[in-house]
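Student: Protein chains in written order, with this note's numbering: chain A, 1 to 167; chain B, 1 to 104.
It is possible that part of the hints are untrue.
Far from chain B, by Cβ distances over 10 Å, these chain A residues were calculated [stated by the list, open to error]:
#, residue
1, Asp82
2, Lys93
3, Val119
A short, non-exhaustive set of chain A residues, derived as facing chain B with CB atoms under 7 Å [claimed, not checked]:
#, residue
4, Thr11
5, Ser26
6, Leu55
7, Ile60
8, Leu61
9, Val62
10, Leu111
In short, the hints are calculated from the structure, not lab data. Bear in mind the structure is a predicted one, so any value in this text is a computation, not a measurement. Yeah, the Cβ is synthetic: ideal placement off N, Cα and C, and Gly gets one too.
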Amino acid sequence: MVDLSPVVFWTISAIVIGSAIAVISSKNIVHSALFLVLTFVSVAGIYATLTVDYLAAVQILVYAGAIAIMLVFGVMLTKRGDIRESNLFNQYKYIGLLIAAGFLIMTVYMLSLTEFPVVAGPIGSSVELVAISMFGDYVIPFEGAAILLLVAMVGAVMIARGGNKKQ
Amino acid sequence: MTSIGLQHYLILAAILFSIGFYGSVAKKNGVAVLMGIELMLNAVNINLIAFNRFLNPDVSVGMIFAIFVIVVAAAEVAVGLAIIIKIYRERLTTSVNDIDWLKW
Numbered sequence: 001m002v003d004l005s006p007v008v009f010w011t012i013s014a015i016v017i018g019s020a021i022a023v024i025s026s027k028n029i030v031h032s033a034l035f036l037v038l039t040f041v042s043v044a045g046i047y048a049t050l051t052v053d054y055l056a057a058v059q060i061l062v063y064a065g066a067i068a069i070m071l072v073f074g075v076m077l078t079k080r081g082d083i084r085e086s087n088l089f090n091q092y093k094y095i096g097l098l099i100a101a102g103f104l105i106m107t108v109y110m111l112s113l114t115e116f117p118v119v120a121g122p123i124g125s126s127v128e129l130v131a132i133s134m135f136g137d138y139v140i141p142f143e144g145a146a147i148l149l150l151v152a153m154v155g156a157v158m159i160a161r162g163g164n165k166k167q
Numbered sequence: 001m002t003s004i005g006l007q008h009y010l011i012l013a014a015i016l017f018s019i020g021f022y023g024s025v026a027k028k029n030g031v032a033v034l035m036g037i038e039l040m041l042n043a044v045n046i047n048l049i050a051f052n053r054f055l056n057p058d059v060s061v062g063m064i065f066a067i068f069v070i071v072v073a074a075a076e077v078a079v080g081l082a083i084i085i086k087i088y089r090e091r092l093t094t095s096v097n098d099i100d101w102l103k104w
């Protein structure tokens, strides 16, 4: 469908996987958070190779701009002890690796067995399609998502509210 | 050179999901567990958008679902971080091994 040079896809995929592995394997959690930003930006590049320009922009704005910064705030507010030893593995280091590798091998095997009915479609901006659906068929879930965000934000403020014990 | 098809995107998403899963089960720090969950949600988004673009490009259901996944991810990370900060105030730790109030 998409007539893109495979070099772009392989390069961006290598950045995605390499920085995701760096998120997991880094011992310093601040480095993990920065590699997480790199992962989010390169996943936006993957969306761009799929010609989904709207979601690429949303990915950079929401994930790299908001969620990653919130995680950095979380790191800064809970730092304790030596920061270079702040992101270690727990006792499931090896059995977790085994299960994740088993899941990956199983998934790739099943994908290699499956034939997908790929169809060619129009290639263009996706903003119009998304907008028509979002404010047409999916307007009730859209409002529900807005209420969910509001409730989550108020709840987060209430849970994390600071220590005046008298209130 | 072969062109890039749906399978390439699905395998990329599977690898990213496995990395996120490993991070969320094998890390000690609660914030790192949240990072692993974010990686898994990103992998799901790649899957949804790839299916939408390759199998049914005339409608936008996959993209709408991806937007809702992003919304839920934002809500989840806000509440999760608030809980971690609260636990840190009570116990001065963010290690998931020390959060065992519900065990007996």
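Student: Run every hint past the structure and note whether it holds.
Tutor: How the hints compare with the structure:
1. Asp82: 13 Å, holds
2. Lys93: At about 5 Å from chain B, A/Lys93 fails to clear the 10 Å cut-off, so the statement is violated.
3. Val119: 7 Å, violated
4. Thr11: 12 Å, violated
5. Ser26: 9 Å, violated
6. Leu55: 6 Å, holds
7. Ile60: 11 Å, violated
8. Leu61: 10 Å, violated
9. Val62: Holds - the Cβ of A/Val62 comes within 7 Å of chain B, reaching about 5 Å at its closest.
10. Leu111: 5 Å, holds
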